[in-house]
Amino acid sequence: KAGVTQTPRYLIKTRGQQVTLSCSPISGHRSVSWYQQTPGQGLQFLFEYFSETQRNKGNFPGRFSGRQFSNSRSEMNVSTLELGDSALYLCASSLDPTGIQYFGAGTRLSVL
Amino acid sequence: GENVEQHPSTLSVQEGDSAVIKCTYSDSASNYFPWYKQELGKGPQLIIDIRSNVGEKKDQRIAVTLNKTAKHFSLHITETQPEDSAVYFCAASISQGGSEKLVFGKGTKLTVNP
Chain R
-4 KAGVTQTPRY
6 LIKTRGQQVT
16 LSCSPISGHR
26 SVSWYQQTPG
36 QGLQFLFEYF
46 SETQRNKGNF
56 PGRFSGRQFS
66 NSRSEMNVST
76 LELGDSALYL
86 CASSLDPTGI
96 QYFGAGTRLS
106 VL
Chain C
18 GENVEQHPST
28 LSVQEGDSAV
38 IKCTYSDSAS
48 NYFPWYKQEL
58 GKGPQLIIDI
68 RSNVGEKKDQ
78 RIAVTLNKTA
88 KHFSLHITET
98 QPEDSAVYFC
108 AASISQGGSE
118 KLVFGKGTKL
128 TVNP
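If you read the protein sequences in the order shown, they are chains R and C.
Residue numbering for the first sequence follows the working numbering, beginning at -4 and increasing consecutively.
Residue numbering for the second sequence follows the working numbering, beginning at 18 and increasing consecutively.
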């Protein structure tokens, strides 16, 4: 069974641009959560989707948004990028919102 | 608010020794506590987890203990090997909006010296 797949693995953007990251969950998993990982703040919860609905949201500005498709694949979007958005963005999937979370390898975003 | 404290931030041991990482959490309603191992360039990998109705769980060289009264839980690795070197994260579940959100500790960088 394939694991959680995140694309792209690396991304370089400049301030003010926007970016879209993609996450394909483990087959059969319907819940997808997104986290931002930085050396200073560690792993911080962004949002969670289940059955195409956002169930939970962390304390991030509105520039961070996401969505989930009918096949459970998810995307997150960051608009008007800031230098501080440079981070590893991790996606985790689970069977349902209370299930064990399995992480992908992440997308490393660098904002110049 | 929701908070998970993890100690130590770095830990260096000799191969064959034991390693212990400790976490405390703030939300008394938390009932699920996973531990993740993250190697360089990879995402966190679940290594063991425990639910609040259990005090201890063991899987080969890895064990987790939970003290709900004191709101702390610990990871124990025995007979450490160089391949155990990684960053370890503890987490506690927070129920919110009908689903569970994980709040993570800041991580412990474990180095096992051959």
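Think of the hints as simulated: they come from the structure by calculation, not from any bench.
Careful: at least some of the hints might be erroneous.
[What the hints assert, rightly or not] With a cut-off of at most 20 Å between alpha-carbon atoms, the simulated EDC-like pairs for lysine to aspartate or glutamate come out as follows:
hint	chain 1	residue 1	chain 2	residue 2
1	R	K52	C	D44
2	C	K75	C	D101
3	C	K74	C	D101
4	R	K52	C	E19
5	C	K85	C	E100
6	C	K123	C	E19
Verification of the hints:
A hinted pair counts as satisfied when its Cα atoms are at most 20 Å apart, and K52 of chain R with D44 of chain C qualifies at roughly 18 Å. Of the supplied pair hints, the one linking K75 of chain C and D101 of chain C holds, its CA atoms being roughly 16 Å apart against a limit of 20 Å. Only pairs whose Cα atoms come within 20 Å are accepted, and K74 of chain C paired with D101 of chain C is accepted, the gap being roughly 19 Å. Using a Cα cut-off of 20 Å, the hinted pair K52 of chain R and E19 of chain C holds, with the two alpha carbons roughly 14 Å apart.
With a C-alpha separation of about 31 Å, the suggested pairing of K85 of chain C with E100 of chain C is violated against the 20 Å cut-off. Restraint check: the Cα-Cα separation between K123 of chain C and E19 of chain C comes to about 13 Å, which is no more than 20 Å; the hinted pair holds.
In summary, the structure is inconsistent with hint 5 from the numbered list given earlier, while agreeing with all the others.
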